[in-house]
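Participant: Protein chains in written order, with the working numbering: chain Z, 1161 to 1304; chain R, 1161 to 1304; chain A, 977 to 1303; chain V, 977 to 1303.
Check the hints yourself; a few may be wrong.
Not the full set, but computed from the structure, chain R residues with beta-carbon under 8 Å of chain Z [what the hints assert, rightly or not]:
| hint | residue |
| --- | --- |
| 1 | K1232 |
| 2 | M1234 |
| 3 | K1238 |
| 4 | Y1241 |
| 5 | A1242 |
| 6 | V1243 |
| 7 | H1268 |
| 8 | E1269 |
No lab work stands behind these hints: they were computed from the structure. In this text the structure is predicted, and so the values were computed from the model without any measurement. Virtual Cβ for every residue (Gly too), placed ideally from N, Cα, C.
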Amino acid sequence: MSFAMRMKLADEILRKESVKDLYINGEKNGFEFDVQLAYYRGHYLSTIDEIGVLLDGEQIPQEAVTFEINGKEMPLYKLPYAVTEFWSQVEPAKIRVLKKGGVEAGDHEIELKLMIRVPYMEIGPDHNFMPLDCGDKATVTFTE
Amino acid sequence: MSFAMRMKLADEILRKESVKDLYINGEKNGFEFDVQLAYYRGHYLSTIDEIGVLLDGEQIPQEAVTFEINGKEMPLYKLPYAVTEFWSQVEPAKIRVLKKGGVEAGDHEIELKLMIRVPYMEIGPDHNFMPLDCGDKATVTFTE
Amino acid sequence: MSNIKLGATLFCYGTEYARGQYDFEECVKQAAEAGAEGYEIVATQMIPSYPNVSEEFLGQVEDLRNKYGIGPVGYGANNDKGMMVDRNLTDDEMLADTIIDLKSANKLGCKVMRSQYMLSPEAFERLAPYAELFDVKVGIEIHNPETPCSPTMRKYLDVIKKTGSKHLGFVPDFGCFSVAPNKPQWIKALKAGVKEEHLQMAASMRYAGVDIEEARQKLMEAGADPAINEALQGMYGFVQFKPKEALPGLLEEFTEILPYCFEMHGKFHYLSEDCVEPSIPYEELLPFIKKSDFDGYLICEYEDELYCGGTEFTKRQLQMEKRILNS
Amino acid sequence: MSNIKLGATLFCYGTEYARGQYDFEECVKQAAEAGAEGYEIVATQMIPSYPNVSEEFLGQVEDLRNKYGIGPVGYGANNDKGMMVDRNLTDDEMLADTIIDLKSANKLGCKVMRSQYMLSPEAFERLAPYAELFDVKVGIEIHNPETPCSPTMRKYLDVIKKTGSKHLGFVPDFGCFSVAPNKPQWIKALKAGVKEEHLQMAASMRYAGVDIEEARQKLMEAGADPAINEALQGMYGFVQFKPKEALPGLLEEFTEILPYCFEMHGKFHYLSEDCVEPSIPYEELLPFIKKSDFDGYLICEYEDELYCGGTEFTKRQLQMEKRILNS
Ligand SMILES: [Mn+2]
Ligand SMILES: [Mn+2]
Chain Z
1161 MSFAMRMKLA DEILRKESVK DLYINGEKNG FEFDVQLAYY RGHYLSTIDE
1211 IGVLLDGEQI PQEAVTFEIN GKEMPLYKLP YAVTEFWSQV EPAKIRVLKK
1261 GGVEAGDHEI ELKLMIRVPY MEIGPDHNFM PLDCGDKATV TFTE
Chain R
1161 MSFAMRMKLA DEILRKESVK DLYINGEKNG FEFDVQLAYY RGHYLSTIDE
1211 IGVLLDGEQI PQEAVTFEIN GKEMPLYKLP YAVTEFWSQV EPAKIRVLKK
1261 GGVEAGDHEI ELKLMIRVPY MEIGPDHNFM PLDCGDKATV TFTE
Chain A
977 MSNIKLGATL FCYGTEYARG QYDFEECVKQ AAEAGAEGYE IVATQMIPSY
1027 PNVSEEFLGQ VEDLRNKYGI GPVGYGANND KGMMVDRNLT DDEMLADTII
1077 DLKSANKLGC KVMRSQYMLS PEAFERLAPY AELFDVKVGI EIHNPETPCS
1127 PTMRKYLDVI KKTGSKHLGF VPDFGCFSVA PNKPQWIKAL KAGVKEEHLQ
1177 MAASMRYAGV DIEEARQKLM EAGADPAINE ALQGMYGFVQ FKPKEALPGL
1227 LEEFTEILPY CFEMHGKFHY LSEDCVEPSI PYEELLPFIK KSDFDGYLIC
1277 EYEDELYCGG TEFTKRQLQM EKRILNS
Chain V
977 MSNIKLGATL FCYGTEYARG QYDFEECVKQ AAEAGAEGYE IVATQMIPSY
1027 PNVSEEFLGQ VEDLRNKYGI GPVGYGANND KGMMVDRNLT DDEMLADTII
1077 DLKSANKLGC KVMRSQYMLS PEAFERLAPY AELFDVKVGI EIHNPETPCS
1127 PTMRKYLDVI KKTGSKHLGF VPDFGCFSVA PNKPQWIKAL KAGVKEEHLQ
1177 MAASMRYAGV DIEEARQKLM EAGADPAINE ALQGMYGFVQ FKPKEALPGL
1227 LEEFTEILPY CFEMHGKFHY LSEDCVEPSI PYEELLPFIK KSDFDGYLIC
1277 EYEDELYCGG TEFTKRQLQM EKRILNS
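Chain Z on its own, in the form it takes in the complex:
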């Protein structure tokens, strides 16, 4: 599938001002950020076909990333199965990334890959639905 819909209703999907260091036992050991669902309606998390985080182009291991909505912090692997977890388009999800020692001071590019199936737009047989690219990237400055 080469074509994927995009619907960037809001300027920022990945919210720059939400990017923060993540602390464990008082020390920087990762980062977190908020992301809004880039569509005019909400979706069950089970419509997520692909999700992942890259820092400066490098893939973060899936087990080190969590996704939180509705007060539930979930491992990424569960999202495509989460048929009862509805993501409202006006409630940003919080993505948390574990990274030993945190992110070095300076500019870094954070990328979220996020592909969704639009579950009421069937475009072919055999479970074929309109793909929606909800990914985004942003360059942010981390401090000491």
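Model the placement of chains R, A and V with the ligands on the given structure of chain Z, informed by the hints.
Facilitator: The following block gives chains R, A and V with the ligands in isolation, referenced to the frame of chain Z:
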């Protein structure tokens, strides 16, 4: 699998005193009741292998039954997929049954069929886990 | 004698809502100010605890009814057949989900629910007793490129007639009566550098029923900017259009399903200051409905393809509808 | 020199908790009154927002610490490999879930987490850097019928040695040192009508290593009540036992893994008023640990097979442990 574990820690799984008529637009059109998870710990709903309700031995259509925990009222078909919905053993679920005209006055037997896989007790290869029978039945009196 | 009430779907303010410019209250307020007598709520868009309605949200809905004088009259359901990771939902499952929607519609006090044709005719048929139980009328939306009596819609018509249920019917979306190109796509293409002559050429080919691939090739040969592709896709997709001469035939189809309509979507894509929708023939449609026995809400529905917000356009749409209906 | 702290798992009060006789606070209070210096919490049993720890629950835990003087010291994790409908979780998935457990353990201030061998040695190995990040030591529980150096446990020992991580280790459950039949099952069988002589016969065959099917057949031939089957299943299952002569060998195995133990489960099934566990050799085990370099909590753990509640037994167990350790 002929053997299934039972762990009726509490006397009543299906709580008799919780059985009530269900009203739609002011008229009796079903019934509801609470059920506790019959095990010493909670489980993800995705461990449910089988669930259904019978009234006086007659199966209620699956689409007419819902299961509510954590403020979410869900159709039965979703339960075996609900990998992020955790059912605490001390928070009863509410089962709601749609039935046109409600239940006639008099004694009736309500049965809940509920089979769960104990997900940390592997008893064989190929996704074979200890079956747990969490079902129950109760005879209750409905009034006019 | 018709009894047409005018409403708006809060979906009109979808852009403002997504950007955090409007919260739910502001959407209701704007719909009231635009002149809507009631609103449709797209459940997946604005119900915080979707698919269930919490007591908290219900309380807010009632507060806003007291404050602005309007409440929900239509429940916009989606039918997410593709929501599971590895397979389509079965009819049993689609039915079960739609019953949850019925509960929520009923809780909100909506007497009408819009469903989509992802709900199969077979599941729709099985829904009838439940729709009756909750006293919520469920209408399959007839959305462009479908027309009132296109083969797919005819299957639902058969079900409605077969069951004889007063709780099954249609919600025609006026986009299905488009007889001219979609204005926003035209504007977007021009902005993207496409020449007007090439857009005209594309529209002519569409009127003439030329195949999309052939049209694309001819446009490329004529030197059209590749940015024309999005507009072309639209002309053959969800905003396609027929020649004006097709209108009598469409109205004939409309006549056949009208007895089964209890809500309509007054779709619009653009309304200049003179309040004319360039692609949808409101001057013909509204008098036609006025003469009919239709009793229900005409819900105006702005599709914001320009991402410019629906506030001003929705006011114009309701003005336009009133003007035509009162003339 | 050992440094043994005495704790209790709130699982001891599982029956009272399930019946609504005790809420979470009462469980903590009872553990404190029984003399525990800290408690283990089985996450799937008592964390309301499992697998996450809410601020609300954390607040309650801190309130109870102030009120009763004890807090959580061990996090009992389950490893639900079979939680998905149609397949087992992969190592990647088991690892991801266990990291969520680490977060929750850390949030509760637990320095030790009990895991189960459903978490494969390979996933356990990959857990090391995360356990270090959160500074939570993760121990695989050695549960009857496993023994400290049984083939399965040896695989984890290899991983612990290979990684050299101070954050990977074992939590031996003393049930693995059983050298006599389980008392509650004996009691239940007698109540169900089984004759004592048939239970004795079953135990003798178990000691002698007779195969379960052969044992069952011999018991039936001897006229045993079929209710003996549950007891027999236990004797060959999770509450199996070895002859007393096997104890030195077991303690030798224990010696090999002791450097990697940072928590132990003082399992008990029954404690009469004289405070003796009929199947687990505490008189030998506790002096053995006292002489070692073990530094951590000995968490007493009542397995309530009689559904009679653990309140009284847990008090006795802590008395018994203190008596032996202080003698
Ligand atoms: Mn519409
Ligand atoms: Mn244990």
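Participant: What hints, given by number in increasing order, does this structure fail?
Facilitator: 7, 8
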